[in-house]
Amino acid sequence: MKTSSIKKTSFIKSKVVALLCGVLFGTGLLVSGLADPAKVIGFLDVSRISNGTWDPSLMVVMTGALAVYMSLFYLVVKPNIRAGRAPVCDTQYHFPEKKTLDTHLILGAGLFGLGWGIVGICPGPAIVNIATLDMSLGLFVVAMMFGLYLGKLIKSTQPDMVKAG
Amino acid sequence: MEFSSFAAALGGGVLIGLSAILLMIFNGRIAGISGILSSAIFADKKLTDKGSSEKASGLAWQWFFIAGLVLTGVIYALVYEQLGLPAYEFDMVSEPMLLIGGLLVGLGCSLGRGCTSGHGICGIGRLSLRSIVATCVFIAVAACTAVFIH
Chain P
1 MKTSSIKKTS FIKSKVVALL CGVLFGTGLL VSGLADPAKV IGFLDVSRIS NGTWDPSLMV
61 VMTGALAVYM SLFYLVVKPN IRAGRAPVCD TQYHFPEKKT LDTHLILGAG LFGLGWGIVG
121 ICPGPAIVNI ATLDMSLGLF VVAMMFGLYL GKLIKSTQPD MVKAG
Chain L
1 MEFSSFAAAL GGGVLIGLSA ILLMIFNGRI AGISGILSSA IFADKKLTDK GSSEKASGLA
61 WQWFFIAGLV LTGVIYALVY EQLGLPAYEF DMVSEPMLLI GGLLVGLGCS LGRGCTSGHG
121 ICGIGRLSLR SIVATCVFIA VAACTAVFIH
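Each protein sequence line maps, in turn, to chains P and L. Positions 1 to 165 (my numbering) are the ones given, in order, by the first sequence. Positions 1 to 150 (my numbering) are the ones given, in order, by the second sequence.
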């Protein structure tokens with residue numbers, strides 16, 4: 001088989017993988033309750049601990065997700081990288097260039113937290129819930145896309161002081 | 001928390017983690033939803049330039065991941081009533097607050113280069129300092145905000 005045709009097959013495979021991973025991710029969001037803003041607010045609003053209505057779900061979701069991700073990352077991905085092996089359907093692993101803390105990171109995380117605490121919707125659930133055709137969610141999604149674009153503009157015009165390490 | 005709710009949270013979490021690590025093992029990519037959205041819609045060259053041949057072979061992989069998420073939502077919307085599952089409410093806050101919230105979520109995820117999935121799972125999952133700090137910041141700020149607003 002020619003190299004180019006091997007490459008082409010793996011690019012098609014990588015898209016099938018992406019689709020299936022999207023389905024799996026969306027199912028996880030729906031099953032866990034993370035796609036329900038009321039449940040997310042029920043976790044974030046820690047003042048509910050005092051009257052016993054606090055819902056610790058989100059912590060359990062993160063624990064489950066991290067247990068799987070971290071163990072397989074260190075059992076499979078890390079040894080692969082050390083041995084110089086590429087992922088199954090790509091020629092290399094893609095990791096962020098930035099390794100050190102900077103003001104954009106802290107400011108961005110703070111702004112995201114503010115928005116998430118107000119509405120209880122983060123990007124994944126926003127996309128999964130598009131199918132509800134709910135007007136309120138639609139408003140949120142449009143504003144979120146505008147925010148993503150605005151952030152992209154700011155990042156391109158105001159590079160952060162701290163350079164990638 | 002009831003047992004069924006706990007089991008659902010844990011099971012759902014496992015599915016999310018599995019999806020994210022499979023994307024890394026097979027495609028070498030981080031399952032960060034805000035980054036995937038931004039790359040797909042605004043054709044963020046920085047994230048796709050490594051696979052120049054990717055462009056030649058059509059739609060970016062990010063669109064396929066998004067399609068998977070949307071497809072799951074469509075299936076849920078079609079079957080939730082028959083299965084006795086809840087419909088979610090998105091109008092807990094007023095319309096201006098929804099717009100402000102959406103803007104902040106988008107802007108924050110873009111500037112901070114990640115959201116709950118990219119930083120909270122994939123980043124912490126490989127012990128990235130940036131992601132650990134970002135996740136602590138956004139969860140703390142979100143909790144304070146939720147206490148204040150709700």
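Quick caveat, the hints were computed from the structure, so don't treat them as lab data. Hints are not guaranteed to be accurate.
Chain L stretches covered by chain P per the calculated footprint, using a threshold of three residues with CB under 8 angstroms from any CB of chain P [said to hold, decoys possible]:
#1 10-24
#2 58-71
#3 77-87
#4 100-109
#5 114-125
#6 135-142
Derived contacts from chain L toward chain P, CB cut-off under 7 angstroms, selection only [unchecked claim]:
#7 R29
#8 S94
#9 P96
#10 R130
#11 I132
Ideal Cβ positions, reconstructed from N, Cα and C, are used throughout, including at glycine.
Please name the hints from earlier in the document that this structure breaks, with their numbers sorted from lowest to highest.
As far as the earlier hints go, 8, 9, 11 are violated by this structure, in ascending order.
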